[in-house]
Amino acid sequence: MSLAARIPHTLKQVRPVLSTDHAEAKRRVLNLYKIWLRQIPYIRVDYIKNNWTEPRLRDIIKENFMRNKDVTDVRAIDLLVVRGQMDFVETAEIWRQQHNVAVFDSTKNTYKKKPASFLERFYEGY
Amino acid sequence: MLKTIIRHGCRLRPALNMRLPTSTLNTRLHTSSLSKANPHGQIWPCVFVSRRTSILEQNIKDAGQMRTPPPLTPRDIESRVLRICNDYDKIQEAHKNKITLATHFMNDLGLDSLDHVEIIVALENEFGFEVPDADYDKLYTIKAVVDYLIKRMNIVEHKKPVVSSASDPRYDHHHH
Chain G
1 MSLAARIPHT LKQVRPVLST DHAEAKRRVL NLYKIWLRQI PYIRVDYIKN
51 NWTEPRLRDI IKENFMRNKD VTDVRAIDLL VVRGQMDFVE TAEIWRQQHN
101 VAVFDSTKNT YKKKPASFLE RFYEGY
Chain Y
1 MLKTIIRHGC RLRPALNMRL PTSTLNTRLH TSSLSKANPH GQIWPCVFVS
51 RRTSILEQNI KDAGQMRTPP PLTPRDIESR VLRICNDYDK IQEAHKNKIT
101 LATHFMNDLG LDSLDHVEII VALENEFGFE VPDADYDKLY TIKAVVDYLI
151 KRMNIVEHKK PVVSSASDPR YDHHHH
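Chains as they are written, first to last, in UniProt numbering: chain G, 1 to 126; chain Y, 1 to 176.
Bound-form chain G, shown alone (with noise of 0.2 Å):
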């Protein structure tokens, strides 16, 4: 008898980062969201030079979940959830500067995009 044929079944499975299901996953990145939307007067205030209105805000918030809505990895939706904390910590705790929470915003995002075009590149010098 091989080892692998050996190995219990239960060994094979993945260990999950923090969910074991869906169900729970979502339910972390709900949590996630009503935090930022709590969190929405006080971002206004600390970050003011922005000058954000708060339905703007909410946009922005639901915009950038929503970038990542087509993840179905539990694994990977658990690793989102994390890092999504994380910045949430560096913004209410202004940790980050006017600008570096505007990078948030895509209208505010003012890093150079990477060409697309056949002819872009071309004069981009790729």
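None of these hints come from the bench; they were simulated from the model.
Among these hints, one or two may not hold up.
[Said to hold, decoys possible] Counterexamples of contact, computed for chain G against chain Y with all Cβ distances above 12 Å:
# : residue
1 : N31
2 : I94
3 : W95
4 : V103
5 : E124
[Claimed, not checked] In silico lysine-lysine, DSSO-like type, Cα no more than 30 Å apart, as pairs:
#  : chain 1 : residue 1 : chain 2 : residue 2
6  : G       : K26       : Y       : K151
7  : Y       : K61       : Y       : K143
8  : G       : K34       : Y       : K138
9  : G       : K34       : Y       : K151
10 : G       : K112      : G       : K49
11 : G       : K108      : Y       : K90
12 : Y       : K151      : Y       : K138
13 : G       : K112      : G       : K62
14 : G       : K69       : Y       : K138
15 : Y       : K151      : G       : K114
16 : Y       : K61       : G       : K62
17 : Y       : K151      : G       : K69
18 : Y       : K90       : G       : K69
19 : G       : K108      : G       : K69
20 : G       : K69       : G       : K113
21 : Y       : K143      : G       : K26
22 : Y       : K61       : G       : K34
23 : G       : K49       : G       : K26
24 : G       : K49       : G       : K62
25 : G       : K69       : G       : K26
26 : G       : K26       : G       : K62
27 : Y       : K90       : G       : K34
28 : G       : K34       : G       : K62
29 : Y       : K90       : G       : K62
30 : G       : K34       : Y       : K98
31 : G       : K49       : Y       : K90
32 : G       : K62       : Y       : K138
33 : Y       : K98       : Y       : K61
34 : G       : K26       : Y       : K61
35 : Y       : K138      : G       : K26
[Stated by the list, open to error] Residues on chain Y that point at chain G, a partial pick, calculated with CB under 8 Å:
#  : residue
36 : L111
37 : S113
38 : L114
39 : E118
40 : D133
Idealized CB from N, CA, C, for every residue including glycine.
Here the structure of chain G is known, so what remains is to put chain Y in place on it, guided by the hints.
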């Protein structure tokens, strides 16, 4: 007439009252103290009375504010929940004030779970307590939200007291 009123007003002052039995010249004393307080002698009791009435009015106003508000009824909860949902901008875009109690947030209004959380946060702000995340999937229709709030806040519909000429039934036990 006015002078007697003034004197009566003066006698209300505790300091003078204490001095009254001992002093033989109490009328003199009043007039002298009055003239010392202000030369015209007419303003002081008016000020006193107006101050007293203003204090009384303030007390009455405070008493009115300290009265307990009427208990919440299920109808209040319903109207407040409907108002919150109508104020929510994404619902306003989709269905303008077509919300009924049977409306389902996701099936009828096309909201996703994040919008649902936004509505729940608005409800928490309105009613002042936190909804645990295990209860989110119970709150998909407005009817369910209203029922949940009524259950959480222990709201009972009080019957209106019936006014009748019959004797108080509480005291009937003693007679029978």
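Each hint, compared with the structure:
1. N31: Check fails; 6 Å does not lie beyond 12 Å.
2. I94: I94 (chain G) clear of chain Y: closest Cβ-Cβ about 23 Å, beyond 12 Å.
3. W95: Nearest chain Y Cβ is 25 Å from W95 (chain G), so the label holds.
4. V103: holds (21 Å)
5. E124: Correct as stated: the minimum Cβ-Cβ distance to chain Y is 37 Å, above 12 Å.
6. G:K26 x Y:K151: Roughly 26 Å separates the two Cα atoms, so the pair holds.
7. Y:K61 x Y:K143: Distance ~39 Å between K61 (chain Y) and K143 (chain Y) Cα, so the pair is violated.
8. G:K34 x Y:K138: Judged against 30 Å, a Cα distance of about 17 Å means the pair holds.
9. G:K34 x Y:K151: holds (23 Å)
10. G:K112 x G:K49: Holds. K112 (chain G) to K49 (chain G) sits at ~22 Å (cutoff 30 Å).
11. G:K108 x Y:K90: Roughly 23 Å between the alpha carbons, so the hint for K108 (chain G) and K90 (chain Y) holds.
12. Y:K151 x Y:K138: holds (13 Å)
13. G:K112 x G:K62: holds (23 Å)
14. G:K69 x Y:K138: holds (23 Å)
15. Y:K151 x G:K114: violated (55 Å)
16. Y:K61 x G:K62: Status violated; Cα separation ~47 Å.
17. Y:K151 x G:K69: Between K151 (chain Y) and K69 (chain G) the Cα gap is close to 34 Å, so the pair fails against 30 Å, i.e. violated.
18. Y:K90 x G:K69: Roughly 19 Å separates the two Cα atoms, so the pair holds.
19. G:K108 x G:K69: holds (22 Å)
20. G:K69 x G:K113: holds (22 Å)
21. Y:K143 x G:K26: Judged against 30 Å, a Cα distance of about 24 Å means the pair holds.
22. Y:K61 x G:K34: violated (41 Å)
23. G:K49 x G:K26: Violated: K49 (chain G) and K26 (chain G) sit about 33 Å apart, past 30 Å.
24. G:K49 x G:K62: Distance ~21 Å between K49 (chain G) and K62 (chain G) Cα, so the pair holds.
25. G:K69 x G:K26: holds (11 Å)
26. G:K26 x G:K62: holds (15 Å)
27. Y:K90 x G:K34: holds (17 Å)
28. G:K34 x G:K62: holds (11 Å)
29. Y:K90 x G:K62: holds (13 Å)
30. G:K34 x Y:K98: holds (27 Å)
31. G:K49 x Y:K90: holds (27 Å)
32. G:K62 x Y:K138: This hinted pair holds, its Cα atoms lying about 22 Å apart.
33. Y:K98 x Y:K61: violated (42 Å)
34. G:K26 x Y:K61: Roughly 51 Å between the alpha carbons, so the hint for K26 (chain G) and K61 (chain Y) is violated.
35. Y:K138 x G:K26: Holds, at about 15 Å.
36. L111: For L111 (chain Y), the interface hint is violated, since the closest Cβ of chain G sits about 11 Å away, which is over 8 Å.
37. S113: holds (6 Å)
38. L114: holds (6 Å)
39. E118: Since the shortest Cβ distance to chain G is 6 Å, the answer is holds.
40. D133: It holds, given that the least Cβ distance between D133 (chain Y) and chain G is near 5 Å, below 8 Å.
In summary, the structure is inconsistent with hints 1, 7, 15, 16, 17, 22, 23, 33, 34 and 36 from the numbered list given earlier, while agreeing with the others.
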